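Undergrad: Whole structure, please, built from the sequences with the hints as guidance.
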Amino acid sequence: MPTTFIHTADWHLGKAFHGIPDEDKRAGVRQARFDAIRRIGDVARQRNAAFVVVAGDNFDSPQPTKETVSAALAAIGSIGLPVYMIPGNHDHAGPGSVWESEYFVREHQNLAPNLHVLLDTSPVIRDDAVILPCPLLRRFVSDDPTASIRTADFSAFDERPRIVLAHGSTISFENAADGEETAIGIRHIELDRMPWNEVDYVALGDYHGFMRAGEKAWYAGSHEIDRFPKTDQRPGHIACVTIGRGAAPQVEPINHGKYRWLDHDILLDDSVDRLDHEITEAANHAGFQATLVALSLRGSVSLEGRRKLDAMLETWTARLTRFDVTDEVLLAPTSDEIDELARSADDPIIADVAGRLKAQLDASGDDAAIANEAMRILYGLCTAGGRGGA
Amino acid sequence: MRIISATIRNYRIHRELHVEFDRSRTLIGGPNESGKSSLVEAIHHALFMKARSGGKYVARIRSSYHPGDPSVTLAFESGGERYKLSKTFTGKQNAAVLLEREGAETLRGDDAEDRIHEICNAEAVAVNYDRLRMQWAHLWVWQGSAGSDPIGSDSQPSLAPTERLRASLGGADVFQSERDTRLAETISAEVNKRFTQKDTPRADSSLATAIAELDAAQQELDAATGALAKLDEALRTIDTSRATIAECDREIVTIREELEAVRLRRAESTRLNRDLARQQLEADAAASAHDEFAKADTCIRDLQAEIASIEEQLAPARDRRDLSDQALMTAEARVTAATTAVSNIARHQASLSARLNWLTTCVHLEDQKYDHARLAERCRLIATARTEADALQAELKTIPDMSQGTLEELEGLERRLADAVATFNAIATRVEVIQSELAVSLDDVVLGPGETHTIDSDSTLRVGNVAMLMIRPGGGLGVDEAKRVRDAAQQALSESLASVGLGSVVDARQACARRRSLEDSLAAKEATVRGLGGTKAEHDLEKLGSLIASLTAEVSTKKPDDVAVPQDQLSATALKEAAEQEGRQLQAASTAADGDLAVARQEQSIASAALKEVQGFLHDAENSLSVKKILAQDLTQRHGDNRAPRLAELLEARNATASLVAETKRAYETIRPDDIERDADRLARAEEGNQSRRGAAEVSRQTSEAVVRYEGTSDPRQRLSQARVRHANATRRHAAEVRQAEAYKLLSDLFGQAQREVEDRFAKPLADQVTTYLQRVFGPDARAVVRYRDNTFKDLALLRADRGNTLEDFSRLSGGTREQVAAATRLAMAELLATDHGGCLPVVFDDSFANSDPERIRSVQGLLDDAAARGLQVIVLSCTPNEYATLGAKRIDLPPPIVRVDQTSLAAVGSLDDEEDAEANMEPPAPQAGILVAGTADDKHAALLAELRAAGGKSGNIAIRRRLGWDEPTYDAVKNALVASGQIETGQGRGGSIRLPGLT
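Chains A and B supply the protein sequences, listed in that same order. As numbered in my numbering, residues 1 to 390 make up the first sequence, in order. As numbered in my numbering, residues 391 to 1390 make up the second sequence, in order.
A couple of the hints might just be wrong.
In silico negatives: residues of chain B with every beta carbon more than 12 Å from chain A [what the hints assert, rightly or not]:
id, residue
1, Asp-500
2, Thr-796
3, Ala-808
4, Asn-815
5, Pro-1106
6, Val-1115
7, Ser-1138
8, Gly-1261
Derived lysine-lysine pairs resembling DSS-like cross-links, with alpha carbons at most 25 Å apart [to be verified]:
id, chain 1, residue 1, chain 2, residue 2
9, A, Lys-66, A, Lys-25
10, B, Lys-620, A, Lys-66
11, A, Lys-25, A, Lys-230
12, B, Lys-1018, B, Lys-685
13, A, Lys-358, B, Lys-1018
14, B, Lys-446, B, Lys-1018
Hints are computed from structural coordinates only; laboratory data are not their basis. What you are looking at is a predicted structure, and each value in this text was computed from that prediction instead of being measured. We put the beta carbon where it would ideally sit given N, CA and C, even for glycine.
TA: See the structure below:
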């Protein structure tokens, strides 16, 4: 009899998103992570899932605030199915961690009696499955967190399908966004050494995109995107898994997140209008309020193009939930613009200064940046208040 | 524009004066107060002062000498046209102005004024006297202002020439626009908004805010990082503490196990120690028993062996003792025999010795007798010799005592006498009577024939009576001396002979010979006596006699019985020799007997020692034998005869107990009894250390757990994340602000640079033009520098190679040099401005080189000539026109001044050039052109106050100083004194201003 369950991970509840300057927008992004948990219950019921496993990094920190704890447990409680959870590196167990706190224990009882926090490697034996937890008790663990599986006694589990619940990397990848530490070489799970004959599914957490890590091993990814994803990464998913003892698992990725995090690398050639159009198109999918954009701008623009670009950036900064711009656009005033600045022979000093600045735009480093800025200022002063002059 | 002629009437000192100007060079000469300055002022006023100017202005120029309104008629060229301008200054509305142009309509009134204004390119004037005078100030060098800066701040009141010059120099295209200026100001203001004068960020600026925010963000980041680090540290501490506690617990269990082992070892050690003591006693006893028995056994065996040995030695020893007895007896018999022989020989020797002694005495007696006989003979010979000597002695006494010495003395005297006689005879006259018939007498001494007489003094020789001759010997006094010497020698010889009792020297010689012979004989006799021994021999003879007597008595008394007394020396000797022979034989016999005795005694001694030795040995051996026999008997009785089984038994017991001890010892050592207590101490210490370490770890764990205890109020990781983001944002904002601030600075710098460059470019033609003139005076290396800043030319300076090419600011040049540089600058400006005036402008120098030396004045003439050659009209006024002889100018000499003493007001002012009419005198005096500079301090105070009142009660410092014609120090001194005394106040404004008190 196959068993169906929901595999999710990396909720990172309580993550502050300080990169979003606006408080309301920040609160929205934070709240979305709790809302997404509530939707997991709906998905589970739709798929007749028997339970939910969460593969670590449930909280963004081992010491989330009480508000975060209560909100999280309330959301988990709303799922209405058993939820099995291990701590990951972000919310590792151990001294001072939330898991052992009196508050958590109390709210756990009050709000989420369906939650099972697995703080040791004792197997959870259900009628329909056995869950072999590999919780993290430290932030940095150099051993394989699944080492216990290799020595486990599987004889007591008869024909029940076995699920390993673990948190860690299976390959060397980096999650360096948003100021996280890199994860290379730590919590490394050696899938090669897994007793595959005894194990039917390895539910992994740590990598934020949905990904198959081995024949029977998957990362569910983060249920709601929390960072600008790498290329080919599939965040914002949960997995619906069906397993049977000795059978190949059936894993269905479900696009679950609401927010869109878009990472654009644009080479400008004075086509500021086209850029505006592209962002509009991208934002239309989820709406301005659910779209976060990281824009890396390069190339060059004219003075007028720069003026437009500045205005456009100002607009999108206000519209989007988050709008990160890496602005490496060079200023390339056209000869017309320079001439205009100079206003033929009427303003010889301005003309002279504009000429000198243009020469400095080609410099490198800070000098060029300052010259750019100066050119913008000069242009602004000359064009402010109409063509009549400053 | 070129002035052709001027006619002035009723103008100051001039009633009427007509002057025709050269087109290029005019030199107007005339003494002081001849009205030169009035002439050029009149021309200037004709051009720039409106005819309808107020009475105040007209009053200045109205003549005190000549009635009627002042008027000026000026003929000039401009733009190729000829004009005739007539102005009559009435100070009222009826003033007349007429401008005629050839072939054109004549203009009057305001039309004429406007046209003139246009021609002169001047601003509308007659507003104010200062501004009037500043018209063409660059062309018109008023008396006393030649050294003022033609472009500097002194010229500021009139910007008109600057603007005109600016226009001439290139127009608006090279200059900055209004927008340029405005933008530069805006940018400068932005820079000032951000930075202080010291280039530090301004406190209220956005840049300062960004810096502060970045600082705050950095602090928060540090704090958040620190807090998290503390948390992580605490977590690590918990881990390590827990590990330490577990490790200590494990260690403590191990230590306690080891402690139990030590306790067991200690009990075993005690037991073994006790066993060992007991076993050792037993072993000692067994060993002792065995050793004792073994020792006795050995002893018995040894004794038996020794007894056998002694007994074996006893028999030969006894044989030896018997042999020794016999040998001793033999030796003793031989000793007795030898002793007897020796004593016999000794007896014989004693008897022989007595006889020999007696015989020796006998021989000695005979020897003495023989000696006595010989000595007696010698004594007889001595007596004979003495008798002969006595005879000789007696004879010697009869002979005069004439020694050889005495004889030699006599012989000396005799020789001396002979010499004296010879001398005398040689000198004295000898008279010899050979034959005479008559008695011849000399000095009454008759001389017979053949008789010779020596005359040694005047002598009378008489020959009978026939003749009496006086003979006078020669030699004079020498005859007397010779005679005296001769007589003295004769006397000495005679006296010596008499003293020895002899008659002559021959006698003396004989006596001496005899005496010597006798003395020799006597000496021989005495030598004989001495050779025979003399008195000693006789004495010895006597002693020898006594000895013989005593020896004879001794021989008699000691004569042995069996011997007769020898009768002579020979028999005595023979007897003695026989006795001595016998003695020698006896001595040999005695020696032999002594040898025999010694040998016998030696043998006796050897035999005795041998006997004693063998007897001793026998005694000892026998004693020893008996003792050992007793001992052996005793031991045997005690230990029995069959001892071997018992000995074996005892040895076995001994070995058994010893190996037991060794075994126990090994067991004891195996448990290392010495280490037990150390181990116990060590383990106790280790336990204590572990307990203590565990306690510390426990405290550490609890402390750290308190640090990491979940509170749920804030999340340190979120705090750090927030701090990072905030820091990044602050960094970005800071960078943006810095960039913006730097951009404004950059713009400001670029504007400044561009402005300066444009301005420098703008000022360059003027500077170049000035340079061409300057080089006439200061040589080809001189250069003029002029800058254009803030819409004005400024910073006129001179560069000279021979002064190191350092900038010499105009104001710092000497008075003369200032005049020359100013002249060059004016001419250059005039030349540039002349392009708007048909290529010509008049330039007036009124006593403008008063401070220049003759050399420089000559150079200046070249400079002026150049200007004229380039089209300018140069008009020079000088009270020393001859100095300008080389200018080649048209010379016009004004007549000397007319002095009118009835004009008291003139006398008060002291200058006809500055005459004031009665009306003008109603107003405060308006001094001019430095005349009052030479006055008293009070005069100056009054002059400044008057000028200030004339100006409406307030004025700029520069303007009023210029009107007063004072130099800066004079003006400042007067102004400061008045300010100090409260008569004026200082006000605001460029260059400062002064005002009468109460005005604002």
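Undergrad: Against each hint, give a clear statement of whether it holds in the structure.
TA: Hints, one by one, checked against the model:
| no. | hint | result |
| --- | --- | --- |
| 1 | Asp-500 | holds (36 Å) |
| 2 | Thr-796 | holds (158 Å) |
| 3 | Ala-808 | holds (161 Å) |
| 4 | Asn-815 | holds (165 Å) |
| 5 | Pro-1106 | violated (7 Å) |
| 6 | Val-1115 | violated (4 Å) |
| 7 | Ser-1138 | violated (10 Å) |
| 8 | Gly-1261 | holds (30 Å) |
| 9 | A:Lys-66 x A:Lys-25 | holds (21 Å) |
| 10 | B:Lys-620 x A:Lys-66 | holds (21 Å) |
| 11 | A:Lys-25 x A:Lys-230 | holds (23 Å) |
| 12 | B:Lys-1018 x B:Lys-685 | holds (16 Å) |
| 13 | A:Lys-358 x B:Lys-1018 | violated (144 Å) |
| 14 | B:Lys-446 x B:Lys-1018 | violated (184 Å) |
Comparing the model with each numbered hint stated earlier shows that hints 5, 6, 7, 13, 14 do not hold.
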